[in-house]
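Asks: As you go down the protein sequences, you meet chains A and B in turn. So the first sequence is residues 1 to 389, counted in this note's numbering. So the second sequence is residues 1 to 123, counted in this note's numbering.
Among the hints, a few may not be true.
[Claimed, not checked] With a Cα cut of at most 25 Å, we get these calculated BS3-like pairs of lysine-lysine: (1) B:K98 to A:K369; (2) B:K117 to A:K369; (3) B:K48 to B:K100.
Note that these hints are calculated values from the structure, not bench results. Computed from a predicted structure; not experimentally measured.
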Amino acid sequence: MAGKLACMTDFLKTQLHAKHVALGAKMVEFAGYDMPVQYPLGVMGEHQHTREKCGLFDVSHMGQCFIAADDGTFETAARALEALVPADISSLEPGQQRYSQFLNADGGILDDLMISRLGFEGHTHKLYLVVNAGCKLADYAHLEANLPAGVSLDIKDDMLSLLALQGPKAVSVLSALCPAVADLTFMTHTDVPLMLGSDPTFVHVSRSGYTGEDGFEISVKHDDAVRLTEALLAHDDVEMIGLGARDSLRLEAGLCLYGHDIDATTSPIEAGLFWSVPKHRRTGTGYLGAARIAADIADKSTRRLVGIKPEGRAPAREHTPVQDLDGNVIGEITSGGFGPTVGGPVAMGYVARKFTKAGTPVMLMVRGKARPATIQKMPFAPHNYFRGE
Amino acid sequence: MTMKYTEDHEWIKVEGDSATIGISPYAANALGDVVFVELPDIGTEFDKGDEAAVIESVKAASEVYAPVGGEVIAVNAALEDAPETVNASADGDGWFIKIKIKDADELDGLMDADAYKAFCAEL
Numbered sequence: 001m002a003g004k005l006a007c008m009t010d011f012l013k014t015q016l017h018a019k020h021v022a023l024g025a026k027m028v029e030f031a032g033y034d035m036p037v038q039y040p041l042g043v044m045g046e047h048q049h050t051r052e053k054c055g056l057f058d059v060s061h062m063g064q065c066f067i068a069a070d071d072g073t074f075e076t077a078a079r080a081l082e083a084l085v086p087a088d089i090s091s092l093e094p095g096q097q098r099y100s101q102f103l104n105a106d107g108g109i110l111d112d113l114m115i116s117r118l119g120f121e122g123h124t125h126k127l128y129l130v131v132n133a134g135c136k137l138a139d140y141a142h143l144e145a146n147l148p149a150g151v152s153l154d155i156k157d158d159m160l161s162l163l164a165l166q167g168p169k170a171v172s173v174l175s176a177l178c179p180a181v182a183d184l185t186f187m188t189h190t191d192v193p194l195m196l197g198s199d200p201t202f203v204h205v206s207r208s209g210y211t212g213e214d215g216f217e218i219s220v221k222h223d224d225a226v227r228l229t230e231a232l233l234a235h236d237d238v239e240m241i242g243l244g245a246r247d248s249l250r251l252e253a254g255l256c257l258y259g260h261d262i263d264a265t266t267s268p269i270e271a272g273l274f275w276s277v278p279k280h281r282r283t284g285t286g287y288l289g290a291a292r293i294a295a296d297i298a299d300k301s302t303r304r305l306v307g308i309k310p311e312g313r314a315p316a317r318e319h320t321p322v323q324d325l326d327g328n329v330i331g332e333i334t335s336g337g338f339g340p341t342v343g344g345p346v347a348m349g350y351v352a353r354k355f356t357k358a359g360t361p362v363m364l365m366v367r368g369k370a371r372p373a374t375i376q377k378m379p380f381a382p383h384n385y386f387r388g389e
Numbered sequence: 001m002t003m004k005y006t007e008d009h010e011w012i013k014v015e016g017d018s019a020t021i022g023i024s025p026y027a028a029n030a031l032g033d034v035v036f037v038e039l040p041d042i043g044t045e046f047d048k049g050d051e052a053a054v055i056e057s058v059k060a061a062s063e064v065y066a067p068v069g070g071e072v073i074a075v076n077a078a079l080e081d082a083p084e085t086v087n088a089s090a091d092g093d094g095w096f097i098k099i100k101i102k103d104a105d106e107l108d109g110l111m112d113a114d115a116y117k118a119f120c121a122e123l
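Make a model of the complete structure from these sequences and hints.
Replies: The following block contains the structure:
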């Protein structure tokens, strides 16, 4: 058995670190942080619990920052950020959230991120960004270097923790602390007091997440993070969930993981993120990397990220070569593993454009053996987002 | 009939000139939920330390190495449909392969149960 032993070094710790350890989590290094990969329930159990009830994730390692213009207008801040992402930011209403990507000059993805326009009275000119842990320092440098004079970046990682509450029971659990959150629809957010006992804590709550389930992401002050976690965990429906199940949940939901499915060599169009680029921003100008977006839309020969369903039970892991039925290499798996909800292996990867049609048979080279698989439309497990009654 | 262990957490149970091989409960627990086991064909010959099987947990693939050299005479086909047996019974029904031992002297360097227990306690 080949085994790796984790060593305790000077990894960063979230406010919940001691809580994770006390709950019996197996800790691993992730993006410089000592993070829980699984709790005693195990990856399979944590995954199923999230799909059936409700899982609580510590995602405080992710970056949280604000962008605002000195002139106090939303338009100035929005235009500044629009120069760096393909999404339409100017049309964001207070309380709305959008998914986008930072691109380099070649249109490669530097990071993917969530962008919100605050809805809080007196703050609706501000943009709130959540970025990946592993990219956040580079993202902040990218913003500092590219935001124009008069638009400033305010990094809040020394003040704010981030929790994700995901699953069909998330709304009943969280609305017990604040009924207003039940009215949020997918990709909207609000700033509200959560009642923890008789003592409220003010938090930023968005109806979003990265599991494919209904749920919330809660930005909470560091000092209140443990208190909020304990209040949520006190509910019978809530279990802490580690990074292991977070990965299998997002893979089944067909959601890209930065550094694996997307990176500086892949463009949003190749990665199947066409939907996140509005029509008027496909013209080849207007933001860093725009030319690549237009070129990749026009050029039908470029590769595409697709869902791949291996036959049988053997998982196909990252970097597994994908071949056509004649044995020619046509691509590579970028994320692959076992999908507990699917009940079998699932994967995503890049293949040459002519093999992207759902149902196309391919072969996966797993440890030198060709194993049959089929291109499949994602998600592998249905999305259960709340889009309103 | 004695059970011996490797530093890579395989166990080997010797019966005459043949032996059954699996992974320890400690290893099964460390791996987490096992979802797939790739076993060798009957008749395959290994040297000590060769990759004998692959075990896939939800998160990752790990190799199982041959504690001693030999020829595969049986595989636990039940693991194909029920890989979770490795978690439930790592040192019982969750066995991987049976081999005909090539050189019994290779058993000498392996740990007995007490030595393995002490080894794990230090990890």
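Asks: Hint check: K48 (chain B) vs K100 (chain B), CA-CA at most 25 Å. Holds or violated?
Replies: Satisfied, since the Cα-Cα distance of roughly 13 Å is no more than 25 Å.
Asks: Please work out if K98 (chain B) and K369 (chain A) have their alpha carbons no farther apart than 25 Å.
Replies: Holds, because 23 Å separates the two Cα atoms, which is no more than 25 Å.
Asks: Next pair to validate is K117 (chain B) with K369 (chain A); report whether the Cα-Cα distance is within 25 Å.
Replies: violated (37 Å)
Comparing the model with each earlier hint shows a violation of hint 2 alone; every other hint is respected.
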